[in-house]
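J.: Each chain, written out:
Number of protein chains: 2
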Amino acid sequence: MPTVKNPRTPATEVRANLIAAARQLLEREGSDALTVRGVAAEAGVAPMGVYNHFDGKDGLLDAVVTDGFREFGARIAATDSDAAARLLSAGRNYRAFALDHPRLYELMFSTKCTPDDEVATGAFGVLVDIIRYGQAANLIMAGDPDSLAAQVWACVHGAMSLELAESQPPFLDPAENYEHLLLMVARGIAA
Amino acid sequence: MPTVKNPRTPATEVRANLIAAARQLLEREGSDALTVRGVAAEAGVAPMGVYNHFDGKDGLLDAVVTDGFREFGARIAATDSDAAARLLSAGRNYRAFALDHPRLYELMFSTKCTPDDEVATGAFGVLVDIIRYGQAANLIMAGDPDSLAAQVWACVHGAMSLELAESQPPFLDPAENYEHLLLMVARGIAA
DNA sequence: CACTTTTATAGGACAGTGTTCTACTCCAAT
DNA sequence: ATTGGAGTAGAACACTGTCCTATAAAAGTG
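Residue numbers (UniProt numbering), protein chains in the order written: chain A, 1 to 191; chain B, 1 to 191.
Honestly, the hints are just simulated from the structure, not real lab data.
Please note that a few of the clues may not be correct.
It does not matter which identical chain is used: a pair holds within one copy or between any two.
What the hints assert, rightly or not - Cross-link-like lysine to any residue pairs, in silico, SDA-like; alpha carbons within 20 Å at most:
{"id": "1", "residue 1": "57", "residue 2": "172"}
{"id": "2", "residue 1": "112", "residue 2": "170"}
{"id": "3", "residue 1": "112", "residue 2": "33"}
{"id": "4", "residue 1": "112", "residue 2": "165"}
{"id": "5", "residue 1": "57", "residue 2": "36"}
Put together the whole structure using the sequences plus the hints.
T.: Structure below.
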């Protein structure tokens, strides 16, 4: 009997399979393993699928990081009724996501990718809402919530970016230092 | 007449030429242009030089970012006698360097490179000294200067990382937002 | 100065990359 | 049942990092 050909993957699944495979390969083996042929093989799909369903490799990566930002936004959200606790929880959730998906996090904020604007803005909006909640509780200083959120985001992103790149002084405990950073930021934007 | 062969580059210059060429190519055409063959051609040197003088492409990039950190440390330094002004000046110098050399800055803090530890620590030490100066002037809170410096560094790095990646809300003015961030950080570590 | 050792060079080779093309074949809707 | 869209296999192209060889020029030695 002749060699059995691979069956076709239903059209509706090719796209999702490719994104899932890319995500899995990225987190398991690192970004170097993110090759078109490798992702297609992991997804059980022909390499051409990357070009039929996405705009080449870059398009696929954009879809991956867009999915990442969706998950990220949901993960950051904190529901503590106390405004100060909510801000700290969000900060800790932020770090937890970055540590859980270090390579995805790096990709999400790299210049190689352009996530869907609406989705990325949505994740940012989660933080803006938390800032607003703090302002309403008179815990956070008055001012443009978007601007304040951008500043807070920059701080936590910088901390995680450096921690993941192992660019921090090795004698400092990352977890402890991150807690200090959160308190510093809270002090910096306090009412 | 036959084609003239390229003359040999003196051994002592090959290394420096390669680093300079890589740096120039990086900042002129972006990191995609940083190929072994491309850098060698820009340096007027044979591709093998990258393997004779460095540990392959990665070794060359490490040398480039190490040079970058040397320059960075010198650039950050501020000499204002007023402690608060010195901190702000250093912060502004930080941003100026990142804007002057955006692609080098990105490479310096990417996971693809490992700068010489001593040099990178030296650049960090510049900020530590500024923190100490602020503490001596009773402007910055007491506490481990290294830990405080790491927090400040994280904030400014995050801001520039997001600005260079154009990951900030487009309706915010980067320069203005950065100034706000510096003030926020100063407030966060104030005595 | 002559001689030896070191080292840069040219050029080819290898596997692997993103991308595109063709030919084929299967699935689904008309 | 037939037609057209969509997934597949496989080859091809110009690149990439890396390594190898042979040659020639520079640097160091007597």
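J.: For this structure, which hints from the list above don't hold up?
T.: When the structure is compared with the hints, only number 1 turns out to be violated.
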